[in-house]
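Undergrad: Each chain, written out:
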Amino acid sequence: MIDTLGQFLIFSTQGFREFLSLLKDTIVSLFTPRFRWKETIQQIYFVANGSLFIIGFCVSFAAVVTILESSYHMKLVLQNDSMVPGFASMLILRELGAVVSSLLLTSRVGAGFAAEVGSMKITEQIDALRMLGIDPIKFIVVPRVVACTVGSCVLTIIANIFCLFCAAIICETYLGFTFGMFKTAMIRFVGFQDLIFAGIKGAVFGSIIPLISCFFGFRCKTGAEGVGLATTQSVVVGSIMIIVLDFILTYIFSYFY
Amino acid sequence: MKIETKVGFLFIVALIFIIGFAYTLGIINPFSNYHELTILYNYAGGLEKGSPVRVMGIEVGKVKSIEFDPNGKSETGEEVKLKIKIGISKKAWDTIRKDSRFYINMAGVIGEKFLEISPGSLEASPFDPNATVRGEDPPRVDQLISQGYGLAGKLLDIVSKNEGSVTGMITQVDKLITNFNKTLAMLDKTSKNKEIERLINNLVHISDDLAYLSTKLRSEKSEKTFEVLNKVLMRIENLDGPALRKFLQQEGIKARMF
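Protein chains in written order, with this note's numbering: chain S, 1 to 257; chain H, 1 to 258.
Bound conformation, chain H alone (with noise of 0.2 Å):
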């Protein structure tokens, strides 16, 4: 083989090695299968170009672009200041409907940023390849952090300001949980005593009983009786004395009254 063949060899083994590491890293894609969708959001999160797309945490695709815009508006006329704009797959465009939520994540130990969707019903039509949809905007942990501190300040402010009554609050609310220990203290021990442990048991037959008699006060033939009862008081309550006393006898009944 001539030399000049070799030395060609190795050039095109160079050029080959260069195409393949710019295939993987996903520069260069000849066969794309993907669709592109524009997500709006207001803050970002630290999500960079080339950062990963995940559906359901399985990666999809990737960030292709992050551009401002800062006359952006989404299409309920809310000012939506970043463009993302991200590559999805074709396998996972489906599960991606325009009840779909896309969030921005942090994963792995030096908090690396992804872009999470969640799946959306089977209700829910599909996007339109190019669609634009608004984002969930991530929580601003500097804002949270700002708060927090702004938060300790004033509670460190109330605490020195009312310093005695703090003490005097803290005293009490520990002899009050003290007092509630011993009553529960007591409490257990009480629930151990022989005497109290009968006490309940015969409240616990009583209850029964009673349980026993309502159900036969509800039965037709107490409800008869009742009936009954309340005609014959109806009766009574017109009678004066000898009246009463004359209708006993008339009813063979002996009694002492009035």
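Only chain S is shown next, with the shape it has when bound in the complex (with noise of 0.2 Å):
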């Protein structure tokens, strides 16, 4: 047992300074000459053109979701849920849009960046690319990073206004608020830097996903069966780290409301 422990440590030990490692390299990259911009436009459009309507479907079942719910806690605490659409505004815009919107594409677009790094690591192409002396984190994970950190922000802050959009109907067809009262309860509760927080979220978030994504991808062990565990664990990393990362920047914005 104690070997395991020792085992999974030094496992975890080593891969931490291995993506530290690529952290590093993606940055320096990333201001080097030449960048790749047709390459990130196109990574950009699979990133966000291609998750817009995933997202848009679910946020609007979280806004229902999260009116209805807001509505029957306070009817049970309050007797009343006047403050439904406050409440709900301010959910919605600090942690449900930038959240769910991250969790989506973590699980769509960082498990297709595993599989495809996986498949070229064990196709040999990565290497290929190291012998004809290009950098495969300049021309893989760079383009990635950039634009998967563009698309969340945007997609975000889409999925944000989308989302208080569902959330508005919800309560004028459920509970009688007109779009008028949502409006002012929305103004009480909400500021403009909660989309820009939400915005930084997305974009944080989203630099991560392509990160965790490439780094089990270059890990990649050979066979059908590592190019399936890559993936598989991208998208539970990228999920845990999101949640992580949600807690510590939370925790940071606290400190400007």
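Please note that the accuracy of each hint is not assured.
Non-contacting residues of chain H with respect to chain S, defined by C-beta distances greater than 10 Å in every case (computed) [unchecked claim]:
#1 Thr-24
#2 Gly-50
#3 Gly-57
#4 Pro-70
#5 Thr-76
#6 Phe-127
#7 Asn-162
#8 Ser-165
#9 Thr-178
#10 Asn-181
#11 Leu-184
#12 Lys-189
#13 Ile-206
#14 Asp-209
#15 Val-228
Heads up, simulated BS3-like pairs for lysine-lysine below, C-alpha to C-alpha not over 25 Å straight-line [to be verified]:
#16 Lys-113/H <-> Lys-90/H
#17 Lys-183/S <-> Lys-90/H
#18 Lys-83/H <-> Lys-64/H
#19 Lys-62/H <-> Lys-183/S
#20 Lys-183/S <-> Lys-49/H
The hints are simulated quantities; they were obtained by calculation from the structure and are not laboratory data.
Note that beta-carbon positions come from the ideal geometry of N, C-alpha and C, so glycine has one too.
The task is to assemble the complex, starting from two chains supplied on their own in separate frames and drawing on the hints.
TA: Right, here's the structure in full:
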């Protein structure tokens, strides 16, 4: 048991060191010419445009659940649900929009990146790139990190506003609050900085997704099983990292409210 | 459509959403429709930047800024250290006059603070934009509670020092109330007695008769009668016994007098 624990610790430490090394190389490559604009825009299209429908669909249901649940609990505790639009708006902007979007991106984009890089690794395409004198980090990781950071930021903003819009519709349909009442209550609780912080959260979550996916892709073992494992690990670790980073960012942003 | 165009569209949509959100929150307002007014207070009672401003209960603007001014003074020379700048919709601007009052009020389940403006009278002139006016400081609940505690302490002190007197006083008051209740019960019983009812009816008749008589006595005829009687009495007053007898004999009245 002690052997297993020791192996786990060594593996984790080594893995963490490799991840930090990947992060450092990515940051350095980000600021060294030439930047692959075309590849980056293609990746943004894959990340943002490709995920727009799924994220919009999911956040609209998240808005419905948020409104109905907050209404139920407020009626239970306060015998009054007049604060539902305000509280729901705050919850959507501060947490729901960014976290739901990023978790969906992890499962869609992160898994895709891990599988793509893993396949390149096992088919020795990455070694071929190195032989050709092309830095695989600059060639593969940097465009994906930039695309995912920018795409996730944009998607988070769109998801937040769309989610608020859906919440307003649900409030009008089920709870009888007009759009004006929703807006008034929302303004009482929500500030413009909430949307900015949501965008920052989206960008941070977006930057971590391709890093983790590429990290597991580079460590992919041979065979279809290796690719599957890398994909699973990237999604699991990515989701965990999003939750942890959400806590850290929320804690930091709490000083600015 | 090219991929670059589609990505560009997405970015434009995000930018429109951001601008729309900022416009909804009132952060950017290119079609500004507000006049500003500075209100001076010494205590803001929890009012915040962005709190609503209402006239007759309708939201017409927002608190734009709250500034501390340690050397601030009102037009009357009073020291006022808080400057609250508010934006008021041009639609509502004319209803706010120089005799309007500016209260800090509270509403909603969570006690949201807002600035309530009472509409002024038509005789008073409207404010000029960017004018400065003294607001009504809200009552300080903390001070009220503190004073309440002080009062309660004094009352307890008085009661504990004069415990015997207070107990005696309460007993006396209790007896007084008991007796008063008994008296009321007796009066109630008495008012239902038939003899008393008859007595009251008779009293009513007597008072009616007296009223009739007093009305008659106030008539012109009665006044003349009184005058004649007065004259007769004046004449009689100076007469002695034999003279009076003679007077009555002259008048043909036979009476046994004196």
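Undergrad: Give a verdict on every hint.
TA: Here is how each hint holds up against the structure:
Non-interface status of Thr-24/H relative to chain S is broken: a Cβ of that chain comes within 10 Å, the nearest being about 6 Å off. With 10 Å as the threshold on Cβ separation, the claim that Gly-50/H sits away from chain S is violated: the shortest Cβ distance comes to roughly 8 Å. Against the 10 Å criterion, Gly-57/H stays outside the reach of chain S, whose nearest CB is about 13 Å from its own CB. Against the 10 Å criterion, Pro-70/H stays outside the reach of chain S, whose nearest CB is about 27 Å from its own CB.
Distance check for Thr-76/H against chain S: the nearest CB is about 35 Å away, which clears 10 Å, and the non-interface claim stands. Phe-127/H, annotated as away from the interface, keeps every beta carbon of chain S farther than 10 Å; the closest lies near 26 Å. With a least beta-carbon separation of about 46 Å from chain S, Asn-162/H lies farther than 10 Å from that chain, consistent with its non-interface assignment. Chain S leaves Ser-165/H outside its interface by the beta-carbon criterion, the shortest separation being 48 Å against a cut-off of 10 Å.
Against chain S, the non-interface label of Thr-178/H holds: every CB pair exceeds 10 Å, the least being about 44 Å. Interface exclusion of Asn-181/H from chain S stands, the closest Cβ pair being 42 Å apart, more than 10 Å. Remark: the non-interface label on Leu-184/H is consistent with the geometry, its nearest Cβ contact in chain S lying 44 Å away (cut-off 10 Å). With 10 Å as the threshold on Cβ separation, the claim that Lys-189/H sits away from chain S holds: the shortest Cβ distance comes to roughly 51 Å.
At roughly 66 Å, the least C-beta separation between Ile-206/H and chain S is larger than 10 Å, which holds for a residue marked as non-interface. Against chain S, the non-interface label of Asp-209/H holds: every CB pair exceeds 10 Å, the least being about 68 Å. Its beta-carbon lying about 88 Å from the closest one in chain S, Val-228/H satisfies the requirement of being farther than 10 Å from that chain. For the hint linking Lys-113/H to Lys-90/H, the alpha-carbon distance of about 23 Å falls within 25 Å, and the restraint holds.
For the hint pairing Lys-183/S with Lys-90/H, the CA-to-CA distance comes to about 21 Å; that is within 25 Å, so the pair holds. Taking the CA atoms of Lys-83/H and Lys-64/H, the gap is about 11 Å. The hint holds against a cut of 25 Å. Under the criterion of a C-alpha separation no larger than 25 Å, the hint pairing Lys-62/H with Lys-183/S is consistent with the structure, at around 14 Å. Simply put, Lys-183/S and Lys-49/H have alpha-carbon atoms about 17 Å apart, close enough for the 25 Å limit, and the pair holds.
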